[in-house]
Amino acid sequence: SQQGEEDPQALSIQEGENATMNCSYKTSINNLQWYRQNSGRGLVHLILIRSNEREKHSGRLRVTLDTSKKSSSLLITASRAADTASYFCATGRADTGNQFYFGTGTSLTVIP
Amino acid sequence: DAEITQSPRHKITETGRQVTLACHQTWNHNNMFWYRQDLGHGLRLIHYSYGVQDTNKGEVSDGYSVSRSNTEDLPLTLESAASSQTSVYFCASTQGVGYEQYFGPGTRLTVT
Chain A
1 SQQGEEDPQA LSIQEGENAT MNCSYKTSIN NLQWYRQNSG RGLVHLILIR
51 SNEREKHSGR LRVTLDTSKK SSSLLITASR AADTASYFCA TGRADTGNQF
101 YFGTGTSLTV IP
Chain B
1 DAEITQSPRH KITETGRQVT LACHQTWNHN NMFWYRQDLG HGLRLIHYSY
51 GVQDTNKGEV SDGYSVSRSN TEDLPLTLES AASSQTSVYF CASTQGVGYE
101 QYFGPGTRLT VT
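Protein chains in written order, with this note's numbering: chain A, 1 to 112; chain B, 1 to 112.
Careful: at least some of the hints might be erroneous.
Said to hold, decoys possible - For each label pair, taking beta carbons as the anchor points, the in silico distance ranges come out as: (1) A/Arg-54 x B/Glu-14: 47 to 57 Å; (2) B/Ser-69 x A/Ala-78: 41 to 51 Å; (3) B/His-41 x A/Lys-56: 21 to 31 Å; (4) B/His-41 x A/Arg-60: 24 to 34 Å.
What the hints assert, rightly or not - Partner residues are not named here, just some residues of chain A that face chain B (Cβ under 10 Å, in silico): (5) Glu-6; (6) Asp-7; (7) Pro-8; (8) His-45; (9) Ile-47; (10) Gly-105.
Hints were generated in silico from the structure; no laboratory data involved.
Keep in mind it's a predicted model, so treat the numbers as computed, not measured.
Think of the CB as a built atom: it goes at the ideal place given N, C-alpha and C, for glycine as much as any other residue.
The task is simple: from the sequences and hints, build the whole structure.
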């Protein structure tokens, strides 16, 4: 069964604007990761946040985690056309060790 | 540089044929995973391995098998291909719990 679910399914913004994507999950987790997938390519890891962390930054990326609401958000600031991709959250569940469960993804289009 | 590769990148086969997809990583990771990606489903775990001679079923393992005879390789076999197995297949590896996964470029399989 799907663990994570991203929202919105699709997002279209102008270059320079911020993009926010959300991920909700169902069970307790050890960590949550965000990945990017460009069309026709494999997934690339962006950022990992552990269950005892609330916020993490990496360059233009900001991730928050609210374990009480079982949700996470990914913020991309000052977006660029090169950010156009699909973004997935993946949860490392506390009960299944090393397995990851992926959501269905958010398709982001950044218009130049 | 360490990498993870998949072959073939594209494969067309007929219903009922046996097909093997190769995955090779030079990260020296013990943990390897196979996923399939379909529209509307995100990535779903097929099989995974935590080390040589170790294999485990994921959430969509029916019709698939894996074997792990060395650290570097985790081939995925479709014993008797079905049209429902038309998909894009991704292999991934990780150092361990709480670490990022590294993905291969994917294999697009079409079963006619």
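Going down the list of hints, with the structure as the test:
1. Separation of A/Arg-54 from B/Glu-14 is about 52 Å and conforms to the stated range, judged on CB atoms against 47 to 57 Å.
2. Separated by about 48 Å at the C-beta atoms, B/Ser-69 and A/Ala-78 satisfy the suggested range of 41 to 51 Å.
3. At about 28 Å, the CB distance of B/His-41 to A/Lys-56 agrees with the hint of 21 to 31 Å.
4. Take B/His-41 and A/Arg-60: their Cβ atoms lie about 29 Å apart, and the range 24 to 34 Å holds.
5. The closest approach between the C-beta of A/Glu-6 and any C-beta of chain B is roughly 8 Å, which is under the 10 Å cut-off, so the hint is satisfied.
6. Look at A/Asp-7: its Cβ only gets to about 13 Å from chain B, farther than 10 Å, so that hint breaks.
7. Checking A/Pro-8 against chain B: minimum C-beta separation of about 15 Å lies over 10 Å; hint violated.
8. Given hint, A/His-45 at the interface with chain B, holds; its Cβ is 4 Å from that chain's nearest Cβ, closer than 10 Å.
9. Annotation: interface hint on A/Ile-47 holds; nearest CB of chain B at approximately 9 Å, less than 10 Å.
10. For A/Gly-105, the interface hint holds, since its Cβ comes within 10 Å of a Cβ in chain B; the closest pair sits about 6 Å apart.
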